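Student: Residue strings, one per chain:
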Amino acid sequence: MRVDVRSAPFDPGAELSAFSRGVAGAGAVVTFTGLVRDDRGDLSALEIEHYPAMTGPAIRAIVAQAEARWALTDSLVIHRHGRLVPGEPIMMVATAALHRAKAFGAADFLMDYLKSRAPFWKKEITGRGEAWVAAKSSDEDALRRW
Amino acid sequence: MKIDVLYFASVRERIGLPREVVETGASTVADLVGELVAREARYEAAFADVAALRVAVDQQLSDFTAPLEGVRELAFFPPMTGG
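Order-wise, the sequence lines are chains W and A. The first sequence begins at 1 in my numbering and counts up by one. The second sequence begins at 1001 in my numbering and counts up by one.
Treat the hints as calculated values from the structure; they're not laboratory data. Keep in mind it's a predicted model, so treat the numbers as computed, not measured. Glycine included, C-beta positions come from ideal geometry on N, C-alpha and C. Wrong hints could be hidden among the right ones.
What the hints assert, rightly or not - Here are some, though not all, of the chain W residues that point toward chain A, as calculated from beta-carbon distances under 7 Å:
{"no.": "1", "residue": "V30"}
{"no.": "2", "residue": "T33"}
{"no.": "3", "residue": "Y51"}
{"no.": "4", "residue": "G56"}
{"no.": "5", "residue": "R60"}
{"no.": "6", "residue": "L114"}
{"no.": "7", "residue": "F120"}
{"no.": "8", "residue": "I125"}
{"no.": "9", "residue": "R128"}
{"no.": "10", "residue": "G129"}
{"no.": "11", "residue": "W132"}
{"no.": "12", "residue": "A135"}
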C-alpha cells in the first residue's frame, strides 16, 4: 500500500509504470485518475482543503479494507490538495490483484469511499465568485453497495 | 478540560477560525456544540443545521452523541467531497 497526500502535481503515467513494475505475481492492474472537471466552461480553479492529521490515517484504513476484501497484491492512492486548474489530475487509485474482477472491484470501492469518507473539501473558483462543492446524496447511497 | 476544536471548509468560514482551544465541562459533542452556539451568532450560524455536519473525535469520524471524556481533538465540517 502506498498513500500519498500531496499538493504537488503528479504524472499518472509515470505512477502507473512504477506501480506495475512493483507488483510481481499480480495478473491485473486497474487504475482510475480523477481530473479537475469544468463542465460549465467557467472554472478558473479548484481549491481542495483537507484535515492533515486525519487524511492519511483515514485513507489508509479504507485501503486496508480493500486490500483484505479483494486480496490485493498492492494498492496506490494519490490525492492532491491546494489549488488546481481544470484538466489537472486531482487523484489516482491503482489496484493490483491476481485477476481483473478483484482489481476492478477494489478500485470501485476505493473511489466510493474516498469520495465521502476521506476528509477533503472542494471549492470551485469562477469569474463570478467561489462556492463549496456540495456532497451528493448519491455519493452516500453508493457506500451502501458495499 | 481543554479540547482542541478544528473547523473545516464552510464551517471554518462561518466561524472565522481554523481552530481554537475550548475550555469546557460538556459531556458530549452535542453539549459542547450547545455551549458554542450560546456564545455568539457566528457559531449559531455555523451549527444551525447539525444534521448537515460531520464530526471527527480524535481524528475518527463519530457522531454528536459521542462522549468527550479523554478527548483531545474535535473537528467539525460539512460532508466530505474527496475523489
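Student: Each hint needs a verdict: does it hold in this structure or not?
Tutor: Here's how the hints hold up against the structure:
1. Hint on W/V30 is violated. Least Cβ distance to chain A is approximately 15 Å, over the 7 Å limit.
2. Residue-level restraint check for W/T33 is violated (minimum Cβ-Cβ distance to chain A is 11 Å; threshold 7 Å).
3. Look at W/Y51: its Cβ gets to within about 6 Å of chain A, closer than 7 Å, so that hint holds up.
4. Nearest Cβ of chain A to the Cβ of W/G56: about 10 Å, over the 7 Å cut. The hint is violated.
5. At about 12 Å, the closest approach between the beta carbon of W/R60 and any beta carbon in chain A exceeds 7 Å, and the interface hint on this residue is violated.
6. A least Cβ separation of about 5 Å between W/L114 and chain A falls short of the 7 Å threshold, and the interface hint therefore holds.
7. Proximity of W/F120 to chain A holds as hinted, the smallest CB-CB distance being about 4 Å (cut-off 7 Å).
8. About 14 Å separates the beta-carbon of W/I125 from the nearest beta-carbon of chain A, more than 7 Å, and the hint is not met.
9. For W/R128, the shortest C-beta to C-beta distance to chain A is roughly 18 Å, which exceeds 7 Å, and the interface hint is violated.
10. For the restraint placing W/G129 at the interface with chain A, the shortest Cβ-Cβ distance is roughly 13 Å, beyond the 7 Å limit, so the hint is violated.
11. A distance limit of 7 Å between C-beta atoms decides the matter here; for W/W132 the minimum to chain A is near 5 Å, and the interface restraint holds.
12. Evaluation of the W/A135 hint against chain A yields a held restraint, the C-beta minimum of about 4 Å falling below 7 Å.
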